[in-house]
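Heads up: the sequence lines are chains G and R, in that order.
Using my numbering, you'd call the opening residue of the first sequence number 1 and step up by one each time.
Using my numbering, you'd call the opening residue of the second sequence number 1 and step up by one each time.
These are computed hints drawn from the structure, not numbers from a lab.
Careful: at least some of the hints might be erroneous.
[Stated by the list, open to error] FRET-style restraints, in silico, Cβ to Cβ:
no.: 1; chain 1: R; residue 1: 170; chain 2: G; residue 2: 293; range: 25 to 35 Å
no.: 2; chain 1: G; residue 1: 101; chain 2: R; residue 2: 194; range: 32 to 42 Å
no.: 3; chain 1: R; residue 1: 170; chain 2: G; residue 2: 264; range: 26 to 36 Å
no.: 4; chain 1: G; residue 1: 75; chain 2: R; residue 2: 167; range: 49 to 59 Å
no.: 5; chain 1: R; residue 1: 167; chain 2: G; residue 2: 85; range: 17 to 27 Å
no.: 6; chain 1: G; residue 1: 263; chain 2: R; residue 2: 17; range: 28 to 38 Å
[What the hints assert, rightly or not] Derived DMTMM-like pairs (lysine to aspartate or glutamate); straight-line CA-CA distance at most 20 Å:
no.: 7; chain 1: G; residue 1: 92; chain 2: G; residue 2: 82
no.: 8; chain 1: G; residue 1: 261; chain 2: R; residue 2: 116
no.: 9; chain 1: G; residue 1: 261; chain 2: R; residue 2: 50
no.: 10; chain 1: R; residue 1: 238; chain 2: R; residue 2: 225
no.: 11; chain 1: G; residue 1: 134; chain 2: G; residue 2: 42
no.: 12; chain 1: G; residue 1: 272; chain 2: R; residue 2: 225
no.: 13; chain 1: G; residue 1: 111; chain 2: G; residue 2: 131
no.: 14; chain 1: G; residue 1: 134; chain 2: G; residue 2: 164
no.: 15; chain 1: G; residue 1: 261; chain 2: G; residue 2: 198
Just so you know, even glycine gets a beta-carbon here, dropped at the ideal spot from N, CA and C.
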Amino acid sequence: MRRIVGGWRSVDLGRYLGTIATALLITVMLPAVSAAGFTVRDQTGRSLTLPAPPRRIISLVPSVTEILFAIGAQDVLVGVTDFCDYPPEARKKQGVGGMVAPSLETIVALKPDLVVATSAGNGEAVFTQLDRLKIAVYVVNPTRLHDVFELIARLGALTGREAEATRLSAGLSARVRAVAERVASLPRPRVLYVLWPDPLIVPARGALVSELLVLAGAVSVTAEGGDGYPRYSLEAAVAGAPEVIILASHSHGQGPMVREKWERFTALPAVKAGRVYTVSGDLLHRYGPRVVDGLEQLARLIHPVRP
Amino acid sequence: MTRLLATLAALGLATAALAVAALFVGSAPVSARAVVAVLTGRGTATPVDEVVVLSLRLPRIAAALLAGGALAVAGAGFQGLTRNPLAEPSVLGVSSGAAFGVVLAQVFGLRTGLLEALGLTAFAFAGAFVAGSAVYLIAAGAGGLPVHTLVLAGVIVGIFFSSAITVLISIVDFDRLGGVIHWLLGNVAPLPPPALGVFAVVAALGFWLVLGQSRPLNLLALGEEGALQLGVDAERVKRRVFAGAALLTASAVAFVGPIGFVGLIVPHALRMTLGPDNRLLVPTAFLGGGLFLLAADTLARTLIAPAELPVGVITSFCGAPFFVYLLRSRSARIAP
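Construct all of the structure, not just a fragment, from the sequences and the given hints.
Below, the structure is given as C-alpha cells:
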C-alpha cells in the first residue's frame, strides 16, 4: 500500500491505521469487571465505576446515538437530545432537550445508569449538575478521525457489543482506505470548505474536516488559518484562490442564498469552473459512522469519477 | 457658511484618504501594485486580486461609510428632537426595535436580493418606529422629555426588544437564525450591489428629511412655545425628524446590524468644535460618522487577521467611556 499512496501521505495513512489498531486494543483492555463492579475510563481519562454494565444509557451526543444504533445497542439507549436525528428511529427515543442545556428533570426521571456526554458541545453546567445528582457521566471528546474508531470501540465495550463494533470499524476503515488510495496519485486542488457562512467559519489546524479534506485528496486553503474552527475573513478565504468551494448545509434553509453569495465572485477559479458544491454538515461534522459517507462524498466532489 | 464648507472639505478629504487607504489593507496578501492595477485597469492583477478589491473591500468600505453616516445623522436628529444630549439610536432602544424587525424578517427568509433588501428595510423601519414611539410615550411627561426619564425609557424599550429577539431565536430553528447573534454585535459585510443601492437610497431619504428640518430644529431648541412664536410648526418638524432618524437607523441596522454609539460620539465631537447649530451639524455628521465607522471597521478587519472582530465591539469600546464622560461632566453644557 505504501507503494500505491507514496510520499508523506503514506505516513499519514500509516499513522492513522496504527491508531485504529490501538483503538481495537483498547476494546480488549477497556472494561474490568470485578467484584467491586464495572470500572471504565472515559475518553478524557476519568475513571468511573459502575455497579454493573450499563442497561439504561442517555446519549447527549448525536454521534454517540448514531454509533449505538450502528452497533445494535439501541435497546440500552433510553434518552437522546433533540439533535439526535439519525437514524430516524432515534427520534422515537425519549428526548431530553438540547445539547447545551438538556432538561435535568427529564434525565433524572429516565433513571439512567450512565449518561454519555461530550466536552465539546454539552454545557459545563451539565457536568456539575449531573455530578451533584450522582449520575455517572461518561465523557467523550473526539477531535480526529481516529477518535471515531476509538469511540466505536469504547461504546462497543461499554455495551458488550465488541464484535459488532469491530465489524463496523473494519468496514469503515476499508472504505477510508479505498478513498485514500483512489485519490493518492491525483493532483490536489485547493478547496475552501465553508462550515458556516455568516460569520464565516472554516476548518483549520486540528479540525476533523481539515483531516477529511486531506484524505479526500484536497489542499484546504484555510488549513493553517488558526486552530480548530476559527472565524475567518472572507478576504483571506478568497485570497486562497480556491478551485473548489464546498458549502456545508445545516439541515434546513440556507442553501440557495448562501450559494449566491459565493457565486457573485465570478473571477474565482471555483466559480468560473462551476465547482461550488453543497454537502451535508451532519455527515462531516459528527464523529459518527456516517463521517465516512461524508469523506466519500467529499472525494467524489473533489475528484469526480469519470465514466 | 464658510465654516460649514471648510469643515465639510476637511472631513471629505480625510474620509476619501481613509477610504483609499482602506482599499490597500486587509488579510488577503494583495500587493499595493496589484490594488492600483485593479483600480486603474492597467498592469497585472490576478482575478483573485480583483475579487478582493472590487467585490470585498470596495463594497465594504461603501457600507461602512453609509452606515456610519446614517447612524451619526440619526443621533444628531434624535438629540435635536428630544433636546437631550444622550439621545442616540442604540441608547434610545430604536436600534433594538429595528433589530427585532430584521430578525423577524429573517424568520420569514428575507436576505439580500433587491426586493428582499427592501423588505428587510421595511421591517427594520417598522421596528424602529414602534420602539421610538414607545420610548416617547413612556418618557413624555408633563414637562417635556427629562434627560434621565428618556434614557431610562430607552433602556426599558431596548431590553424589551432584545428579549423579544431572544424569544424569536429560541422558538425558531437555530439553523435559520444561527448568524443572528453574530449580526447583533454589528458587522459590516461587503454588500451585493442591489442591497447597497437600497441602503444608499433609504439613507439618503432619511438624511434629506433630517437636513431639511435642521433650521427649525435649531429653533425648537428654544422650547416649543418659542419656536411656535417664530412660526415653526413644531409637530411637523418633530414628525419629519423622527421619521428621518428612524429611517436612517433602520437602514443601518438592516444592513450592518445594530452598531452602537456612533450616533453619540460623532455629533458630540462635532458639537465641541462647531457649536450646536444643526445646520452645520447634520451635514458634517454624515461625513464624520462615515469616517469614524470606516476607521473602526478597518481596525475590525485587520487587528486579528485572518479572523475578524465585530465592528460593534470597537465602537462600543470607544463609545461607552464617552457616554460616561458626557453623563458626568458635559451633559448640561453641550445640550443641543
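These are the hints, each one checked on the structure:
no., hint, verdict
1, R/170 - G/293: 25 to 35 Å, "holds (32 Å)"
2, G/101 - R/194: 32 to 42 Å, "holds (40 Å)"
3, R/170 - G/264: 26 to 36 Å, "holds (33 Å)"
4, G/75 - R/167: 49 to 59 Å, "violated (39 Å)"
5, R/167 - G/85: 17 to 27 Å, "holds (24 Å)"
6, G/263 - R/17: 28 to 38 Å, "holds (34 Å)"
7, G/92 - G/82, "holds (11 Å)"
8, G/261 - R/116, "holds (14 Å)"
9, G/261 - R/50, "holds (16 Å)"
10, R/238 - R/225, "holds (14 Å)"
11, G/134 - G/42, "holds (17 Å)"
12, G/272 - R/225, "violated (66 Å)"
13, G/111 - G/131, "holds (14 Å)"
14, G/134 - G/164, "violated (31 Å)"
15, G/261 - G/198, "holds (10 Å)"
Checked against the numbered hints given earlier, this structure breaks hints 4, 12 and 14; the rest are met.
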